[in-house]
Amino acid sequence: MKAWWMIAIVAVAVGCQESLTSPGACPDYCPVARLQVRDTVLGGALVREEWFRGYVQADRASAMQVASDGTQEQSRAVIRFFPLADSVTVGSELQPITAIDSFRLRFTLLKGRQNVSGLEVRLHRLPVAVDTSWAFADLDPFFQDSTLLATIVIPDSVLSDSLTSDSLVTVLVGPAFPTLAEDGQTVAVGLAIRADQAAYVDLGTRQGSLGQSALTRYAQTDSSGTPVSREESRSVDFDTFFARPVTAPPPDAVALGGIPSARAFLRLTVPDTILLRSNVVRATLLLVPAEPTLGAPGDTLSLRAFGLEADYGPKSKFILPPPDTIIRGAVDVAIGSADTIRIDVTHIVRPWQADTTRPRTILLAVVPEGATFGEVRLATSRSAGPQSAIRITYVPLFLSGGGTP
Amino acid sequence: MIWRTGAALAFLTVAIGQPLTAQASVYGVLGVGFPGRAVSVRARALGGGLDALDPRSAVNPAAIAFNGRLTVSGTTETTSRWYEVSGVAAEGLRDTRFPVAMIAGQIQTSPISFGVSYALYAERSFDIQTTDTVTLRGTDVLVTDRVRSDGGITDVRFGLAWALSERVQLGGAFHLLSGSTREQLQRDFDSPDYASVTQRGDVDYSGTGVSVGVMVTPSRRFRFGLAARRDGRLDVSDPLLPVPELQLPWTLTAGWTYAPVRVVRWSASASWRSWGGADVDPSAGLTDQVFDTWEVGTGIEIGGSDVGASRVPLRVGFRYAQLPFSPTADRAREIDFSAGTALSFAANRAIIDAAIERAIRDGGGAVERAWQLSLGLTIRP
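From first to last, the protein sequence lines are chains S and B.
Read in the working numbering, the first sequence has 54 at position 54, and its numbers run on one by one without any break.
Read in the working numbering, the second sequence has 1274 at position 274, and its numbers run on one by one without any break.
Fair warning: there could be bad hints in the mix.
A few chain B positions that, by computed beta-carbon distances, are all more than 10 Å from chain S [what the hints assert, rightly or not]:
(1) Gly-1105
(2) Asp-1140
(3) Trp-1162
(4) Pro-1192
(5) Arg-1262
(6) Asn-1348
Stretches of chain B that chain S covers, calculated by requiring three or more beta carbons in the stretch to come under 8 Å of a beta carbon on chain S [to be verified]:
(7) 1126-1134
(8) 1177-1189
(9) 1362-1376
If you are wondering where the hints come from, they were derived from the structure by calculation, not from laboratory data.
Ideal Cβ positions, reconstructed from N, Cα and C, are used throughout, including at glycine.
Extracted from the complex, chain S is given alone in its bound form (with noise of 0.2 Å):
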């Protein structure tokens, strides 16, 4: 027994849970070592910039931004809805429309610039003909007061800056599209807005996830001389939106936004004495704009920045950033502004201290792409004035077995 009794003591002794960390009195009792944290500003790091525009078509994009109409900054929305049908289903037959009640046509309203008087949009016919091969200026006669269908009156209480979800609805009158049959039961709309500021608003897409825009016609048929009325919905065809074109780049810079969508990618050169001796903790690029930054008066871009897995040109395949660094890699640039962008790259530069084979190269896009005419323009190392640059936060490897980016 006595034994065992000192097999307990010594499980006790020797099993003790350790407890060690404790607070340093420094300076005299820590070790003298400390991490030390630099800051550098490489002016001279971005040595190759390239762009590529193409990536998202307007009629492609989640969303169809209507600036101002009589500014320089100018779009108009265009959609299509799937045809009609030309007779209604009374019990089990087919019985011809007798007349047009009206048409109810429905807008999602994504965001806008607010404190903005008198804004409305203006509601036009278009021919169904209209697609992706029209211009700006091939939409001008048909945005004139004879083709007006309609003005909706938007209350500031319902823009907002930020991504939302609201609706505009308009009724119309039953003989609102006269070409109804002669256009195969097709209906076509132009947007476009007008207000006593410069403006803009962003209208959902069929390819976007917050709301398309839908039509509804209510209509009569006759049963047996018995008037009956019938509702009937059609969804989006195709809808695009077109601006008023932009004059081009300067040679020197990189545009990345605009419609179609453009990318800019930006290759760095980071000393190995940051890159592999040390663990960065922060990285911002310090982006100079060529010029102001284009776009509808009162927006704002959302620049974000990503990686890549591997640098082959304009079809690089980027990274998507893990969720929790989204937010991070984004910035808001306001239409109008030429300040330096800040946009934090930590979440990319760090694994290029893991694994060294991965290009040094920062993909930047405006997203949503294609969403927006607006337009961010860069100085580049081949620019004459200042350049961008990306200021790095490192500390500097203390132990030989290296550190954990």
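Fit chain B to the given chain S structure using the hints.
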């Protein structure tokens, strides 16, 4: 039954105790670490009074001669402590380590005995957390730093002892100083803009030393021993210790044991170490003050199976030791009050020793108190 018990104890002592090394003292942050004690549990219970004469301690190589037959021993030590430095207090600190192990025995029937031992020469285990404010990109950011070091400098001794006669024994040993520490530096920023950093590294130590000793037993009730040890330069590749090389000290130890009656033994030892000549270059960044140190201890043992009195001896001791490193001109010191006992089995073929110590450490702006429970297992197959 006895052997199964012994096997179980050996397993618990070695398998559980061995992987754990931890901070022995707040003073372990200083210099090359907190000085280890290459002594057995019995010597601990006697306040270190037996250091110069104990065959199960790795101090005097001449004492190896008293391991008449093959002896395997090991110890484990659990510490519970608190400290206070400049208003910073930490309590509830607990750790367990494995400070000494030895195998020794006579080479057949020759007068020569051998002994191989492992002991902690200096312990560099600590885990310290501090907070500070640094200015980053023009903004003050609160940071939390954690510095961890786990391990220390170990002393592996290869010793031989020669029994010239029953009254005189000589010994010599070669010491291989090695060991490593696993170090980790961590910094967390109190800002989502900055990512946390963790850096790890392994640090190795290497050095050598030699020691000689003599033990003389002029009468049946009196024995004394002398030992001298010279350690060389310690190569350090430790970023946390910004000196690449450090001259280790001379150690001179003397002690005696006296038995006024058969069942009572009084022992006392003293050691001097020339840490003051550690030859540290202040420009290298090691700002600690370094002192020569004295260590004296004494203890009384009553009874014990080896004198045929009882299976359970009673041991008490007192020890005073100066510590070599201090952040100030105030030299740090330690006072230990100790007590202990032992149980022997199978005609002394298995011995379990136990000791408890109350350590009182002061100086250099720090105050520390600790309870230390040591258990040792000795097997003589």
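Results of checking the hints against the structure:
With 10 Å as the threshold on Cβ separation, the claim that Gly-1105/B sits away from chain S holds: the shortest Cβ distance comes to roughly 24 Å. Distance check on Asp-1140/B: its Cβ is at least 13 Å (rounded) from any Cβ of chain S, clearing the 10 Å threshold; non-interface status holds. For Trp-1162/B, the condition that its CB be more than 10 Å from all CB atoms of chain S holds, with the nearest at approximately 36 Å. At the 10 Å boundary, the C-beta of Pro-1192/B falls inside the reach of chain S, the nearest C-beta of that chain being 8 Å off.
Even its closest Cβ contact with chain S, about 25 Å, leaves Arg-1262/B beyond 10 Å, as expected for a residue assigned away from the interface. Even its closest Cβ contact with chain S, about 15 Å, leaves Asn-1348/B beyond 10 Å, as expected for a residue assigned away from the interface. Judged by the Cβ-Cβ criterion of 8 Å, the stretch 1126-1134 of chain B is covered by chain S as claimed, because 6 of its residues qualify and three suffice. Interface restraint, the stretch 1177-1189 of chain B with chain S: holds (5 residues with C-beta to C-beta distance below 8 Å; minimum three).
Here's how the stretch 1362-1376 of chain B fares: 5 of its residues keep a CB closer than 8 Å to some CB of chain S, so the rule of at least three is met and the hint holds.
The structure does not agree with numbered hint 4 stated previously, though it agrees with all others.
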